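As you go down the protein sequences, you meet chains V and R in turn. Each residue of the first sequence is one higher than the one before, counting from 1 in this note's numbering. Each residue of the second sequence is one higher than the one before, counting from 1001 in this note's numbering.
Partial list, computed: chain R residues near chain V (C-beta under 8 Å):
no.	residue
1	Arg1037
2	Arg1120
3	Pro1123
4	Thr1125
5	Leu1128
6	Ser1132
7	Ala1142
8	Asp1145
9	Phe1146
10	Tyr1150
Dumping the calculated BS3-like pairs for lysine-lysine here, alpha-carbon to alpha-carbon at most 27 Å:
no.	chain 1	residue 1	chain 2	residue 2
11	V	Lys416	R	Lys1152
12	R	Lys1074	R	Lys1031
13	R	Lys1096	V	Lys383
What the hints contain is simulated information worked out from the structure, not anything from laboratory work. Keep in mind the model is a prediction, meaning the values are calculated, not measured. Even for Gly, the Cβ is constructed at its ideal location relative to N, Cα and C.
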Amino acid sequence: MENENKIYDVAVVGAGVVGTAIAQELSKFSLESVLLEAKSDIGAGTSKANTAIWHTGFDAKTGSLEQRLLSRGYKLLLDYVPQFGIPHEKSGAVLIAWNEDQLNSLTGILEKAHNNGVADVHMLTVEEVYKLEPEVNSGALGGLMVPGEFIICPFSIPLSFATQAVLNDVKLLLNFPVTDIIEENDVYTLSGSGGTVKSKYVINAAGLNSDVIDRLLGFERFKVTPRRGELIVFDKLARNLVNHVLLPVPTSITKGVLVSPTVFGNIMLGPTAEDLDDKEATNTSTEGLEFLWKKGEGIISKLLDEEVTSTYAGLRAATEHSDYQIYSHPDKRYICVGGIRSTGLSSSLGIAEYILELLNEAGITPEKKTSLKSVKMPNIGQKEHRPYETEELIKENEDYGRVVCHCERVTLGEIKDALHSPVPAKTLEGLRRRTRSMQGRCQGFYCSADVNEIFESETKNKNVETSNE
Amino acid sequence: MNNFETDVLIVGAGPAGMAAALELLKLNVGKITIVDRDKEAGGLPHLTDHIGFGMRDIHRAYSGPSYANYYIKKIKNSTIQLLVETTVTGWDSNNKLNITTPSGLGTITAKAVLLTTGCRERPRTARLIPGSRPQGIYNTGALQDFVFEYKKLVGKKAVIIGAELVSYSAIHTLRKAGCKPILMTTEFEKHQITIPYLPFKWWSSNWFNKVPLEKNCKISNIYGKDKVEGIELTNDKTGNKKQIDCDTVILTGDWIPDHEMARLGTIEINEKTNGPLVDGQLRTSNEGVFAAGNLLRGAEPSDIAALEGRHVAKSISKYLEKNDWFQNRIKINVDEPIKWITPNAIELNSYNLPLNRFLFRVTDFMKNKTLKIKQGEELLYSKTFKLIIPNFSQELSGEWQNRIKGISPITITLE
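If we strip away everything but chain V, and leave its shape as in the complex, we get (with noise of 0.2 Å):
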């Protein structure tokens, strides 16, 4: 149990890509910071259910926070990723128009981009969409290239951050919903049914609840309504269909949804985008999966005969507001960090380093530590060689020759690292999430007995070693 008479520096709220890209600047610092997260897994929420495209910000809006922190947040992460072998390739993104009033747009938008510094972006005749994307289906206009966008393994980045912030002392602490703020002799004390923690300031990243969070602190100034995004997957089978991200073109009338391959050898298709009241209805709907496949089939109709691997869906945290809600107040000890709709994961290292910017400003200008532990993210994407197809890592460990889920080829050794990991996964979940497994063609036909039962056994000796201790 937490000890409830400790008084932490800082409480970060939420451990989505947003606060734990937090706690990890923190932990640069010498400061005694606590990452509180509601659910049982860093990640859980949005973070682990978007697009998984890490952006340029080449379209958005021009001068708002998101813009200049999506622009930074990018440029960092450019330095990040490959340090902490996040798995990620540069696709590039093309925006395809399939009609008038889409290529019409496409002039615009690409002044935008080159408004937001993103020089690179310019624009493609017919013959150029084709011979970049040859399988989508005929009609083009033309079209936009994004040089720039990458994709990304959208879990890998947030328990980075996470395994970089508790390696250097941060406090994490799972299973810790926030539901009562009391404030008392300059100390917050935050509770909730997994326990008490006291902290000097707060940092309000609670994503979906960052409305709640800020309400508990006495404003009344946003409201998130989740925006539900349905996804489908198709087979790693797909993955030679479409070599860019396919993104649509966005005009007044319309948004449509994207094509895009992911880091693991995957095509997706999505998102849907649905305001919703409920902030727990990540399920998918028919309406939903009908929607996607009827635009799947307007784009590239080839995907459709593929096997559709998986399908899911995530909440958005959005607002009424189309602008980032960070909020510092120096005099309650307190920053919001809300709003942060579907770029978070993109300038999630520009927010992190704007809020350590707000707490200097206000006042707290602690020590940077002279020297930080840190790990490297397992790989689980298809570029890179995955520990079955290395020889010199199976020869350290049979156990890296041992495929446990056939269809991610995932083996026994990466399984046993991700219970046993410094955020370690605590259930099926976030092992799936961490090594892939069972998320593959069969989803479990051959394998999910076979985790289920290492899982079992593995965290139970992680029981009795702690037991022991």
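Assemble chain R onto chain V, guided by the hints.
Only chain R this time, still in chain V's reference frame:
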């Protein structure tokens, strides 16, 4: 690196692969290697702990595991090289495959390759069943693995989606796990069981505890946050919706061949079966590569797969001996209501077939329909079927093949 050469490499140690290996041994073809990615050989029967295996290939009634063990024992007592925990990861060239094993990476070079990688049931996601993603949704394969291999309990109240052979097998497994099968559903007007499997159906769902069957419906939603709490069924005819409380959903049937290795080897896939395009000798489009068993089209009973394994062994032996491959093949095209036919290609003047018949399936119950086989405008054969059942393969003899002239494609219709 574990690099070695062999005469015949068989990928997949299920009934088709093991039966083929034993037959090849009899035919004296040289070195035979059979690899399997699992810890044990045996394939799916290994997990199907009820009686009814081996009737047609070894003429005895075995349970799934004892049937698998019958073959495994014979292989282990022979000169056949059996490698388990060996994952074939891709093709280095047409006759050289890459492997991953606990002792490292490697390649196997073979004069002939036989793919017997089997099939699986489409998962919930591939069926585009909407709803939440709670625990408690299984395919029959995973269910049997949990129950038989690991003695795990699943839930207390299960709905079985499907009413074909495997669905009744799932009922049996659920009972063993102490989970009550409360309902079966089918999108058709009736269950899809016929002779000789009717007693198995009666035994599973009529004699002891009756399991009601909801007909003409599809599963249209799954509810539940952490665990399944219920499902919604939609009647195809009336559009009526119905909620059923349950904590377990078993998705049965809807088979798809595990064709990854075939596709990675750029072997031509038949768009109807989703398995490799094969002729009567079970040759794929790539020289020296054969395919047999449920990789060809999805699940047939294990003994059928084993008999196909024996059949392909003869083709492989002939190929190794004479080293000749087909020159021209005629593709057999089928249209709805025929779902697929296998074999689906014919080489002129080479008309032997696995078990002396083609197999085909239809999309729905069919009564008094006439099957016509045409080459161009030329009618080669016609036959009227009184009743054809979906999800159950119908046999078609190959006597008409010797009326084929030239290499223009063959079309089979059912009207």
